[in-house]
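Asks: Residues per chain, in single letters:
2 protein chains.
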Amino acid sequence: MLDAACATAETGAMLDVRPVGYVIGLLLIVLGVAMALPLAADIIAGNGEWPTFLETGLLTGLVGMCLALACSNGVRDRLSLQQTFLLTTSVWLALPIFGALPFVLGTTQLSYTDAFFEAMSGLTTTGSTVISGLDFLPEGILLWRGMLQWFGGIGVIVMAMVFLPELRVGGMQMFRSEAFDVGGKVLPRAAEIASKISIIYVGLTFACGLAYSAAGMEAFDATVHAMTTMSTGGFANYDASFGVYQGVIEYIATCFMCLAALPFVLYIRLVNGEARPLFTDSQVRAFFGIAATLVATVAVTLMIVDDFAPEPAIREALFNIASILTGTGYASVDYMAWGGFIVAIFFFTGLIGGCSGSTSCSVKVFRYQLLFTAMKAQIRRIHSPHGVFRPRYQGRVVTDDVMSSVMAFFVLFVVTLGIFSVLLAMTGLDLVTAVSGAATAIANIGPGLGDRIGPSGNFAGLNATAKWLLAAAMLIGRLELMAVYVLFTRRFWQI
Amino acid sequence: MLDAACATAETGAMLDVRPVGYVIGLLLIVLGVAMALPLAADIIAGNGEWPTFLETGLLTGLVGMCLALACSNGVRDRLSLQQTFLLTTSVWLALPIFGALPFVLGTTQLSYTDAFFEAMSGLTTTGSTVISGLDFLPEGILLWRGMLQWFGGIGVIVMAMVFLPELRVGGMQMFRSEAFDVGGKVLPRAAEIASKISIIYVGLTFACGLAYSAAGMEAFDATVHAMTTMSTGGFANYDASFGVYQGVIEYIATCFMCLAALPFVLYIRLVNGEARPLFTDSQVRAFFGIAATLVATVAVTLMIVDDFAPEPAIREALFNIASILTGTGYASVDYMAWGGFIVAIFFFTGLIGGCSGSTSCSVKVFRYQLLFTAMKAQIRRIHSPHGVFRPRYQGRVVTDDVMSSVMAFFVLFVVTLGIFSVLLAMTGLDLVTAVSGAATAIANIGPGLGDRIGPSGNFAGLNATAKWLLAAAMLIGRLELMAVYVLFTRRFWQI
Ligand SMILES: [K+]
Ligand SMILES: [K+]
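Heads up: the protein sequence lines correspond to chains A and B, in order.
In terms of our numbering, the first sequence opens at residue 1 and continues consecutively.
In terms of our numbering, the second sequence opens at residue 1 and continues consecutively.
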């Protein structure tokens with residue numbers, strides 16, 4: 001029976017989707033079980049909202065169980081590249097479909113469009129929200145929003161460390177070092193890395209929550225905000241986002257947002273006793289170099305143009321640059337009022353992003369480094385036109401394969417931004433809302449620019465088409481574009 | 001003496017800039033002599049403005065002569081790559097410096113900032129203007145604006161066919177076919193190609209002028225507009241740009257703008273009896289495919305959303321898409337009023353551009369083709385991870401060198417756009433003006449978006465810093481970025 005299926009797959013009749021269904025089924029069970037936590041939170045808070053999570057948890061878990069059972073006869077250790085591609089996108093589609101249910105059935109009473117948008121925004125760690133009146137929501141829903149981002153965050157790291165290198169998407173194959181070479185055995189390797197990363201991720205989240213708590217945040221808010229900080233997600237428990245926490249909490253958030261945007265593989269090495277790489281890694285240094293330059297520019301502008309005192313200027317510059325550069329998207333103030341220069345800086349800062357293998361998104365620092373390395377090699381050719389200059393990154397030669405993936409990523413990023421901007425404008429949005437909305441979705445940042453979707457706005461007022469488009473853009477951006485686009489090529493489906 | 005200089009150059013003491021100075025000197029003499037034409041136009045029109053051109057012509061010619069004489073002892077057939085780079089940028093800096101003089105001394109009485117902006121906008125074929133009241137200007141100044149663009153246009157083609165392939169800038173080395181291999185002998189080859197191209201360029205300009213004239217344009221306007229059409233420059237003789245020519249003239253302009261955006265090498269082959277390549281060239285086909293899709297989208301939108309009758313909808317769609325896609329930048333109406341969707345389409349259309357080796361600018365169709373070819377090769381790797389797939393373009397294998405140059409171009413284009421947007425916003429411009437201003441300058445299109453610099457606006461109201469920034473962006477964009485940036489690397493100046 002199994003052999004027959006394999007033979008079918010090999011002779012090219014059809015793609016065996018059972019391993020994909022099996023993994024999605026297992027993850028849905030996990031998602032359903034996870035709903036026990038907001039259920040418990042609602043029971044403890046005594047707000048009578050817990051039946052929502054009981055219903056959605058049972059539904060999600062049962063669907064997952066059926067799917068897993070139905071597909072269990074197709075499970076194998078080794079996934080083909082096609083199956084891996086299909087799995088990556090399917091997971092990020094299936095989880096929001098069920099993760100949206102509590103928003104529909106709970107007090108928020110969202111339409112399914114809004115609920116799916118919120119769940120996709122959560123799991124992709126984008127953090128754009130359609131819910132207003134956050135301050136008055138029951139604990140369960142707020143915790144669920146935080147948990148979606150937190151799970152999304154660890155999913156992103158595992159994807160970046162196991163799936164994308166295997167799929168050669170966006171130049172991530174550069175990080176397919178000996179230690180992480182999976183040789184097709186994607187799933188066992190994913191589980192192994194996920195467990196290692198989990199310890200670090202849980203530890204950092206715990207530290208972040210404690211720090212928030214010590215600085216005066218209430219325990220529940222500290223928990224949820226720690227989850228959305230470490231996942232660079234950016235969902236907050238208040239309509240004013242971080243506007244309710246001026247002062248020391250902003251410094252703490254800045255620290256942990258930056259920690260969340262560093263390559264998690266360096267933390268694994270730190271735990272293994274190798275502290276050096278964390279300080280010598282060229283990507284980390286470049287990240288902090290970029291951040292420092294931007295913070296200095298913004299702080300000076302705030303002092304000179306907007307008459308800020310030095311401390312608030314530096315604090316707001318630190319917090320907002322960290323928030324946008326790491327793609328977290330917390331807002332402490334309505335920075336649209338700070339003038340065109342700062343708004344323009346913030347827009348382009350969002351297109352930089354954090355480091356590879358972290359929870360942050362966007363183009364990411366290592367891609368810019370690789371691109372500039374390639375340009376340097378080009379300039380060297382001026383003097384020796386026939387010399388061969390191999391671009392190097394962190395001591396290793398960058399292969400043409402990596403370079404062309406990075407290039408493909410960059411081009412697709414810009415082209416995708418253009419296409420989504422035009423499509424969003426088609427739904428009736430003005431140019432700034434359309435372009436910044438597309439950018440914030442693809443780069444998984446959260447707030448856009450302008451009155452409607454800016455730091456003081458909310459995505460609820462957009463029409464349904466725009467919301468589905470933005471949800472699609474979040475998914476495409478989170479999966480580094482190519483992983484999704486490949487599914488739309490005829491060649492992909494040929495076996 | 002000459003040997004001593006060569007020896008100096010070879011031992012690395014300093015770069016021999018005399019060949020560069022010599023060529024610039026010669027070109028300044030040509031520019032000075034060319035001022036005889038507007039001089040003549042002013043005499044014929046009898047408006048008493050001719051002394052301006054006598055002064056500036058003599059000044060320019062004399063400076064050129066002195067420079068050429070001073071550098072004549074360093075003239076050689078062969079230029080080093082460094083000298084070629086230096087020459088390319090220097091020419092495009094020196095000509096506007098002197099080309100600006102008539103605007104300062106003539107009736108326009110511009111400040112030098114404004115005059116330089118206008119001259120740079122002319123020679124780079126950008127077509128953004130700071131002059132209002134065009135309708136009342138003397139013939140000489142209007143002709144001079146047209147001539148700057150016309151000379152700029154042929155300069156661009158020669159640069160694209162001889163200089164950029166030699167400099168390996170932006171992937172243009174792909175067009176360094178046997179026939180055009182210069183082996184370092186850039187100058188003789190440039191003169192040879194310029195003379196061949198000139199015949200075609202003059203012929204097409206003449207045909208365009210005749211067509212305009214036959215459709216009812218006055219002879220003088222037909223001459224100037226033919227010059228600014230064939231150079232995809234976009235300077236017009238009226239503040240309303242092409243708004244004064246509704247109807248058949250728009251169709252004629254559409255045709256000739258498209259002709260100006262095709263690879264001129266195909267016209268040479270057409271003259272040599274090879275008509276086929278013009279119709280089978282994949283870049284030409286892609287260009288018309290893109291144009292047709294955009295025109296259809298815009299025309300349908302104008303009919304449905306803006307209640308246009310079919311003929312005006314198709315005409316305005318044809319004219320405006322051709323104008324923006326080829327980077328000409330004529331405006332027939334204030335399309336800002338057509339709604340966000342069309343404005344967004346126009347913005348991103350400007351980032352596509354025409355074909356290589358034409359007078360148009362921006363990213364250009366062949367680069368997108370190459371980038372998508374590379375992505376296709378990537379997708380093929382999914383099925384055969386260890387297969388080697390060489391991207392091919394027009395039957396030839398695309399080398400890694402070409403690919404990395406194209407990639408460098410694309411990345412630099414986006415990064416340059418970002419940096420200039422931020423710098424322009426710093427001078428106090430709003431986001432839409434800053435970003436669209438940077439884009440229109442780098443892509444050498446002409447009009448931006450918004451009230452200030454949109455199709456019905458004018459660049460005169462910007463501050464001086466913004467004007468210098470935009471002039472720099474025009475130069476950088478016109479020279480395909482890398483040709484300018486190389487001069488700012490330390491390595492370039494090491495011999
Ligand atoms: K985010
Ligand atoms: K133009």
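Hints in this document: simulated from the structure, not taken from any laboratory.
Hints should not be assumed to be uniformly reliable.
Treat identical chains as interchangeable: a pair holds within one or across any two.
[Said to hold, decoys possible] Below are the SDA-like pairs computed for lysine to any residue, each with C-alpha atoms no more than 25 Å apart in a straight line:
#: 1; residue 1: 376; residue 2: 81
#: 2; residue 1: 376; residue 2: 493
#: 3; residue 1: 376; residue 2: 397
#: 4; residue 1: 376; residue 2: 494
#: 5; residue 1: 376; residue 2: 399
#: 6; residue 1: 376; residue 2: 416
#: 7; residue 1: 376; residue 2: 173
Asks: Does each hint hold? Answer for all of them.
Replies: Structure-based check of all given hints:
1. In this assembly of identical chains, the alpha carbons of residue 376 and residue 81 lie at most 25 Å apart only when taken from different copies (16 Å versus 34 Å within one copy).
2. With identical chains, the CA atoms of residue 376 and residue 493 are at most 25 Å apart between copies only, with a shortest distance of 14 Å across copies and 39 Å within one.
3. In this assembly of identical chains, residue 376 and residue 397 lie within 25 Å of each other by CA distance both inside one copy and across copies; the values are 14 Å within and 24 Å between.
4. In the homo-oligomer, the alpha carbons of residue 376 and residue 494 lie at most 25 Å apart only across protomers (14 Å), although the nearest pairing inside one protomer, at 39 Å, exceeds that limit.
5. Taking CA atoms no more than 25 Å apart as the test, residue 376 paired with residue 399 passes in both settings, with 15 Å inside one copy and 18 Å between copies.
6. Proximity of residue 376 and residue 416 under a CA criterion of 25 Å is satisfied inter-copy only: 16 Å between copies versus 27 Å inside one chain copy.
7. Taking the closest pair of Cα atoms, residue 376 and residue 173 come within 25 Å of each other both inside a single copy (22 Å) and across two copies (17 Å).
The structure shown violates none of the earlier numbered hints.
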